[in-house]
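Novice: Top line first, the protein sequences correspond to chains A and B.
With our numbering, letter number 36 in the first sequence gets 36, and the count goes up by one each step, no holes.
With our numbering, letter number 25 in the second sequence gets 176, and the count goes up by one each step, no holes.
Each hint should be verified, as a subset may be incorrect.
[Stated by the list, open to error] Between beta-carbon pairs, the in silico distance windows are:
| no. | chain 1 | residue 1 | chain 2 | residue 2 | range |
| --- | --- | --- | --- | --- | --- |
| 1 | B | Lys-443 | A | Asp-40 | 16 to 26 Å |
| 2 | A | Asp-40 | B | Pro-329 | 48 to 58 Å |
| 3 | B | Gly-407 | A | Gly-138 | 47 to 57 Å |
| 4 | B | Glu-480 | A | Gly-138 | 32 to 42 Å |
[Stated by the list, open to error] Residues of chain A placed beyond 12 Å of chain B at every Cβ, according to the derived structure:
| no. | residue |
| --- | --- |
| 5 | Glu-12 |
| 6 | Thr-25 |
| 7 | Ser-57 |
| 8 | Gln-58 |
| 9 | Pro-74 |
| 10 | Ala-75 |
| 11 | Val-79 |
| 12 | Leu-80 |
| 13 | Leu-90 |
| 14 | Arg-114 |
| 15 | Asp-117 |
| 16 | Glu-128 |
| 17 | His-129 |
I should point out that these hints are in silico values taken from the structure, not numbers from a laboratory.
Just so you know, even glycine gets a beta-carbon here, dropped at the ideal spot from N, CA and C.
So you can see what is in the structure, the chains are spelled out below.
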Amino acid sequence: MTVISVAVTSDEIILVEGSYNDDNTVTLIMDETFDLEDGDRQLAYVVMHKRIYDRLSQGVEQVIVKASAGGQYPAKTGVLHSAELRGVFLSAVPPTVSVTQLQKSAVSRTFGSRKVDDYVKDDAFIAEHFSGYRLRKGSREAAILLLAAMA
Amino acid sequence: MTTTDYVASLRRIRPIGDGAFGEVHLFHDPVHGEVAGKCFFKGDKTEDAWENACASALTEAKNLKALEHSHVVKIHQVVRTQSDDEFLIVMEYCAGGSVRQITETNRVFLPDAKRIIRDAAMGLSYIHGAKYLHRDIKPDNILLTADKRVKLGDFGVGTDEIQFGFATPYGTALYWAPEVLVDKACSQLSDVYSLGVTFVNMLCGDYWFLRQGKGAVVREGKDGELSLAPTLLYLPHVPITWRNVANKLCRADAAGRTPSLSAVVNSLARLPEVEPWECVVDGSTITWSLIKKQRRVRVEWHNYLGRPNERWSAWTENLDGSSRRSLQESPKGTTWKAHHASLQAFFASRKH
């Protein structure tokens with residue numbers, strides 16, 4: 001089964017594609033970034049929507065997204081833009097693809113006792129659980145969503 | 152059980168293109184309105200050769216159907232004439248013409264070039280995602296609908312052989328990656344290269360792109376074939392970020408080229424916004440024009456690239472041409488390279 005996990009920032013969407021192995025590890029197939037166009041955000045969202053729809057139309061069965069969550073402090077523009085772009089992403093997922101949204105606080109509970117940010121920094125943990133396509137450091141948080149959804 | 156011969160109500164209007172395969176005609180269809188028909192003719196082919204040609208055309212049509220996408224020409228149907236001497240692939244008609252028709256005007260408008268190449272790259276990315284190649288990307292095969300939406304057309308995907316597209320006076324080898332010319336090996340990277348050369352062509356217009364002499368963008372080999380020069384001289388208003396992206400798309404060494412169509416779209420997405428200069432290139436003068444509120448900014452470069460009395464000047468004026476105010480002029484007595492560099496600096500220094 002091919003699954004894609006997603007991390008969204010205010011100006012890019014990181015997609016990590018992988019398939020699950022029987023030994024609770026993930027073989028990575030792709031780690032890619034979709035950059036939001038410079039300039040008018042409304043026009044850039046239209047382009048991003050098309051790109052995401054195209055990408056997810058080709059053999060993807062499930063998508064895992066880190067869910068939006070309110071913070072302790074009032075959200076700055078960057079956070080709001082991230083939420084907008086996450087909305088664009090969610091609306092672009094084809095109806096044949098199932099979507100799982102995971103809260104950050106719940107992500108690591110399924111496979112360990114530490115917080116997600118600890119696992120992201122742990123090279124040995126990453127090497128132990130992921131093989132295949134070379135994972136960029138900036139994509140680790142998205143990749144860990146794959147582990148969380150597997151359990 | 153009897154069979155019924157259904158008759159398609161297509162009405163031929165006029166020819167709109169031709170190529171090695173046959174011709175393309177404009178038809179009227181009662182449901183779709185204007186449609187393009189790619190016509191394959193039996194001519195003096197043997198029965199076997201004709202059946203093979205029809206099978207090949209049908210494969211192309213099926214491939215197009217499999218690649219249905221907003222930036223790929225849509226296929227409607229295939230039909231044969233009752234006399235069985237003509238086979239038609241009936242497709243969406245792109246009334247806005249091809250990118251070649253834009254480059255031929257020698258009007259260069261960077262925002263349009265970016266949009267068209269980006270949309271073509273998105274279509275091509277989808278094609279690659281479906282494990283197909285286009286194999287013949289060039290300005291003639293990037294089409295525009297009446298409302299300027301971009302569509303990739305004329306696929307050679309039904310065969311392992313490189314298929315020639317619409318006839319073009321320039322020869323398509325210019326758009327082929329070096330590895331295609333040497334090894335006849337098409338790949339996703341060779342499609343990237345072809346799209347890159349098309350981008351360069353759009354950033355130059357045909358005149359600047361194809362001219363020979365000082366700073367020529369393409370050079371003619373001993374065999375008469377054109378290829379990209381090792382260093383590309385762009386029009387001076389093309390920003391360095393844009394030049395770098397275009398250069399990386401059409402790098403001769405495939406290993407150093409932008410690695411995928413998705414990466415191409417990202418590169419184009421990151422291009423900074425530019426001032427919407429209207430640039431027109433002709434044989435002796437290049438002009439730029441930009442409307443800013445109630446004023447027009449104009450730049451003219453006369454006798455460009457080293458001809459006698461080469462000079463450029465920039466000024467602002469009212470929209471009716473009155474109240475002219477000089478902005479900058481070319482330094483006197485300098486080389487053509489210095490003229491080009493000073494103009495490049497002029498455009499780069501503008502804040503917008």
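Novice: Let me make sure I understand: some of the numbered hints might not hold for this structure. Which ones are they, in numerical order?
Specialist: Failing hints, ascending: 2, 3, 4, 5, 7, 8.
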